[in-house]
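Colleague: What follows is the residue order along each chain.
Protein chains: 4
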Amino acid sequence: MNVLLFSGSLRGDSLNKKLIIIASKFIESSGHKATILDLKEFPFPLYDQDMEDMYGISESVKKMSSHIALADALMIATPEYNGSIPGVLKNCIDWLSRVEPLPIKGKQLLLLSASPSFLGGVRGLWHTRVPFEALGVHVYPTMFIVSKADVAFDAYDKLIDLKKMKELESLVSAFIFYCSRKNI
Amino acid sequence: MNVLLFSGSLRGDSLNKKLIIIASKFIESSGHKATILDLKEFPFPLYDQDMEDMYGISESVKKMSSHIALADALMIATPEYNGSIPGVLKNCIDWLSRVEPLPIKGKQLLLLSASPSFLGGVRGLWHTRVPFEALGVHVYPTMFIVSKADVAFDAYDKLIDLKKMKELESLVSAFIFYCSRKNI
Amino acid sequence: MNVLLFSGSLRGDSLNKKLIIIASKFIESSGHKATILDLKEFPFPLYDQDMEDMYGISESVKKMSSHIALADALMIATPEYNGSIPGVLKNCIDWLSRVEPLPIKGKQLLLLSASPSFLGGVRGLWHTRVPFEALGVHVYPTMFIVSKADVAFDAYDKLIDLKKMKELESLVSAFIFYCSRKNI
Amino acid sequence: MNVLLFSGSLRGDSLNKKLIIIASKFIESSGHKATILDLKEFPFPLYDQDMEDMYGISESVKKMSSHIALADALMIATPEYNGSIPGVLKNCIDWLSRVEPLPIKGKQLLLLSASPSFLGGVRGLWHTRVPFEALGVHVYPTMFIVSKADVAFDAYDKLIDLKKMKELESLVSAFIFYCSRKNI
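Chains as they are written, first to last, in my numbering: chain P, 1 to 184; chain R, 1 to 184; chain G, 1 to 184; chain A, 1 to 184.
Each statement offered as a hint is correct.
Identical copies look the same in the list; a pair holds intra-copy or inter-copy alike.
Under the rule of at most 25 Å between Cα atoms (straight-line distance), these lysine-lysine pairs were calculated in the BS3-like manner: (1) 62 / 33; (2) 148 / 166; (3) 148 / 164; (4) 163 / 148; (5) 163 / 105; (6) 166 / 33; (7) 166 / 105; (8) 105 / 164; (9) 25 / 166.
Don't read these hints as lab results, they were simulated from the structure.
All values derive from a computational prediction rather than experimental measurement.
Between the sequences and the hints, there should be enough to build the whole structure, so can you do that?
Modeller: As structure tokens, then:
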């Protein structure tokens with residue numbers, strides 16, 4: 001199985017990118033392929049229908065859509081901005097939704113979130129589900145949250161809390177098992 | 001009273017910009033000032049904390065924040081993208097939330113939506129409330145929705161349905177009355 | 001496959017009960033079993049932890065949980081009350097969530113809504129997803145909405161709009177196919 | 001000013017009832033009147049339109065509506081059940097929404113939540129806003145959350161964390177000041 005992973009944050013030292021790397025290792029150690037994208041390499045402009053009418057869908061949108069089309073499952077780790085989905089990630093979804101046929105439709109998605117706040121991005125995650133579900137994505141009911149994430153990672157970018165590491169490993173494993181049942 | 005209005009869509013011929021113009025006329029005919037902004041003239045980049053750390057808050061973000069600081073009330077008309085807030089508008093909020101002290105905090109906001117769809121952006125509006133409320137904005141409970149908006153405006157950019165015109169006029173009037181009570 | 005169906009409304013002549021019956025016929029005509037429950041026959045009291053501490057889980061909650069445990073998939077048709085899930089349906093979920101082990105966890109669910117309003121319960125449906133997803137239910141991304149439902153059914157309790165009948169038939173069929181792949 | 005307070009939980013020893021009592025004392029010490037209701041004394045049946053058609057609005061619904069009509073502002077403390085509003089509280093709203101003219105429309109509301117969970121009911125609070133806003137209630141943007149609430153109160157039913165006590169006092173005070181400006 002080929003799992004595509006990316007973070008909803010552009011920052012180089014993003015806590016969510018660290019979470020993506022941990023998840024990717026769990027995927028690989030269970031014998032599957034993990035493909036990591038960095039949104040920074042997909043410089044989508046802010047969505048503007050005039051721009052789409054004049055220039056069409058950009059190459060970077062098409063390239064990201066191809067990655068999604070090739071993936072058997074998706075994992076996205078996203079921060080919470082102002083109690084909701086980051087504009088960056090929403091803008092990415094808005095462009096992806098313009099590609100026909102819609103490569104993301106019917107895909108399985110697992111959502112993760114790392115946030116320095118006490119609540120750990122739980123409101124953001126529930127808001128992030130909605131546009132994906134509106135596009136026909138099967139968003140896995142259980143999600144994974146790291147609160148106080150600015151002090152949650154050790155020097156090797158692993159979660160200090162071993163119970164949380166186990167929880168993420170189990171969730172990734174359960175998600176992959178669920179996805180594999182579909183792909184028979 | 002000075003009411004600041006803008007649309008969450010960048011498109012030149014945006015249905016939501018038409019709605020903003022109708023609302024601005026109702027504001028002016030009731031003796032108040034309407035200031036219309038076009039997000040296209042505020043070219044915010046996609047939010048990236050690295051960029052903020054290196055370059056700080058951009059001039060266009062500061063300029064928009066000053067407009068908000070000077071406003072007694074806000075009206076935003078926004079389309080719905082994929083069942084939720086447009087990435088463009090959310091990205092705008094994400095940048096505005098970085099300005100200190102937060103000029104949008106405590107402001108009154110009325111939300112409008114025009115959408116070609118049958119449901120007229122109702123899901124998008126409810127999602128749009130949340131980041132504003134998370135920032136301490138008083139979002140007016142009643143909102144205004146134009147469904148099938150691609151065929152809802154006449155050649156003079158007024159709503160063909162006179163009942164809807166009346167409904168918007170009443171809502172704008174009730175909102176301004178509510179705001180004026182606060183500003184005593 | 002055994003599909004359990006019920007309506008989130010108690011009313012005898014409920015529009016959502018009519019929708020349930022149409023869906024059940026599509027299930028049966030595709031060779032599967034449809035089991036219809038009526039919430040009126042499961043008189044759950046309003047959830048009160050004191051009551052649970054004193055008397056435990058009631059027989060009617062246990063009986064409904066057994067039905068869910070035996071189901072391969074669920075379909076719920078629900079009205080929208082005040083922009084959200086009906087208290088009746090939420091109270092039902094609150095009681096079901098107290099049964100251990102949780103029979104509803106991991107089940108597949110398709111949501112439908114009939115509503116006299118123009119918006120047809122779309123806000124209610126998106127709110128109804130959340131408690132189910134919080135309990136680990138896989139809520140199918142596509143949902144089915146009948147707006148202006150008070151004039152949408154004919155004398156034989158079928159949808160007058162044949163396109164909507166086809167849409168529901170296709171959705172039920174796609175949902176059952178999806179479940180059949182997941183429930184190995 | 002007369003502030004009406006109640007908890008969305010029926011339990012006698014409810015953590016949210018304790019929160020209501022703390023808030024009521026802050027109201028009274030600032031020279032205003034606090035009226036506390038207990039939902040247990042307003043035994044609303046589960047909403048059923050057949051019942052309403054046959055028997056009309058019950059006396060307990062009318063009595064609660066009268067209390068709301070007499071209030072200058074509302075405070076509700078509610079637990080989170082399954083990531084959302086408790087069925088008990090939603091059912092209460094569903095009945096209140098049937099009273100004409102709607103006494104709750106246009107009222108100011110402050111939401112509080114105490115929950116034993118780590119996240120302290122934040123998802124529930126955001127879901128609880130919606131039906132109130134759909135009914136025209138001005139829900140104050142800032143809300144107050146006590147997480148791990150089972151160990152948050154001392155023997156005198158005060159919050160052990162003095163910073164949280166201060167935070168609640170400030171919020172109650174800011175809310176009342178806001179209401180006093182709006183209720184001219």
